[in-house]
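J.: Below, each chain spelled out in residue letters.
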Amino acid sequence: GDSVTQMEGPVTLSEEAFLTINCTYTATGYPSLFWYVQYPGEGLQLLLKATKADDKGSNKGFEATYRKETTSFHLEKGSVQVSDSAVYFCALSGIQGAQKLVFGQGTRLTINP
Amino acid sequence: KAGVTQTPRYLIKTRGQQVTLSCSPISGHRSVSWYQQTPGQGLQFLFEYFSETQRNKGNFPGRFSGRQFSNSRSEMNVSTLELGDSALYLCASSWTVNTEAFFGQGTRLTVV
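So the protein sequences, as listed, match chains A and B.
For what it's worth, the numbering used here labels the leading residue of the first sequence as 1, then goes sequentially.
For what it's worth, the numbering used here labels the leading residue of the second sequence as 1001, then goes sequentially.
Chain A with its partners taken away, still in its complex shape (with noise of 0.2 Å):
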């Protein structure tokens, strides 16, 4: 079946450092790909997606490109804040005409200023 896989955390960082956080997928078919960002005692706030080859997602200064040919989505930004913090999930919505979101493990950011 669908399957994420994420590089494993904890990730601890200075401010103002370059952040990437892996991902890669296994999909049948043309899966939507998505990162999203959970901070302490709430729920999933969707950070970016991308829906076909080559799409590059990007919001508040993260991006990710999705490459079917290494089947990966992996998240990055170039200088990173404390307010960053936050655990991050990448996922995939791979059946069409259904709205299931497949998640990785998660992976946990820490900033120190």
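These aren't lab readings, by the way, just hints derived from the structure by calculation.
Warning: the hint list may mix true and false statements.
To be verified - From the derived model, a few chain A residues whose C-beta atoms are all more than 10 Å from chain B: (1) PRO10; (2) GLY29; (3) GLU42; (4) THR70; (5) LYS77; (6) LEU101.
Stated by the list, open to error - In silico DSBU-like pairs for lysine-lysine, Cα to Cα no more than 30 Å straight-line: (7) A:LYS68 <-> B:LYS1057; (8) A:LYS68 <-> A:LYS49; (9) A:LYS49 <-> B:LYS1057; (10) B:LYS1057 <-> A:LYS52; (11) A:LYS77 <-> A:LYS52.
C-beta atoms are modelled at their ideal positions from N, C-alpha and C, and glycine is treated no differently.
Mind docking chain B on chain A? Use the hints.
T.: Relative to the frame of chain A, chain B by itself:
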């Protein structure tokens, strides 16, 4: 525009009891999905409803059930609670299928 509202936010139940969780989607959204989040298993899909019809179901025992009403509000029920059912239960709504899903803050269920 109000977001997805889940009630209650916190719940403590005893093993063997049953529980009902409620989700009010964003106005106009017709698709509602439910997820269970635990430290060990992460985020797992429970079920999905669209226009009162269950369209998809995850790999959970029959103790987990749900429904959607004509106003798109949804409830999920867990019967004969087990300690392992302790989790954060998240509801997500979307306008229709294959569109952006918006999540509620979740209901934290603790089974003792």
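J.: Next step is simple, just say for each hint if it's right about the structure.
T.: Verification of the supplied hints:
{"no.": "1", "hint": "PRO10", "in the structure": "13 Å, holds"}
{"no.": "2", "hint": "GLY29", "in the structure": "12 Å, holds"}
{"no.": "3", "hint": "GLU42", "in the structure": "6 Å, violated"}
{"no.": "4", "hint": "THR70", "in the structure": "23 Å, holds"}
{"no.": "5", "hint": "LYS77", "in the structure": "21 Å, holds"}
{"no.": "6", "hint": "LEU101", "in the structure": "7 Å, violated"}
{"no.": "7", "hint": "A:LYS68 <-> B:LYS1057", "in the structure": "27 Å, holds"}
{"no.": "8", "hint": "A:LYS68 <-> A:LYS49", "in the structure": "14 Å, holds"}
{"no.": "9", "hint": "A:LYS49 <-> B:LYS1057", "in the structure": "24 Å, holds"}
{"no.": "10", "hint": "B:LYS1057 <-> A:LYS52", "in the structure": "25 Å, holds"}
{"no.": "11", "hint": "A:LYS77 <-> A:LYS52", "in the structure": "21 Å, holds"}
Hint compliance for this structure: hints 3 and 6 are not met, and every other hint is.
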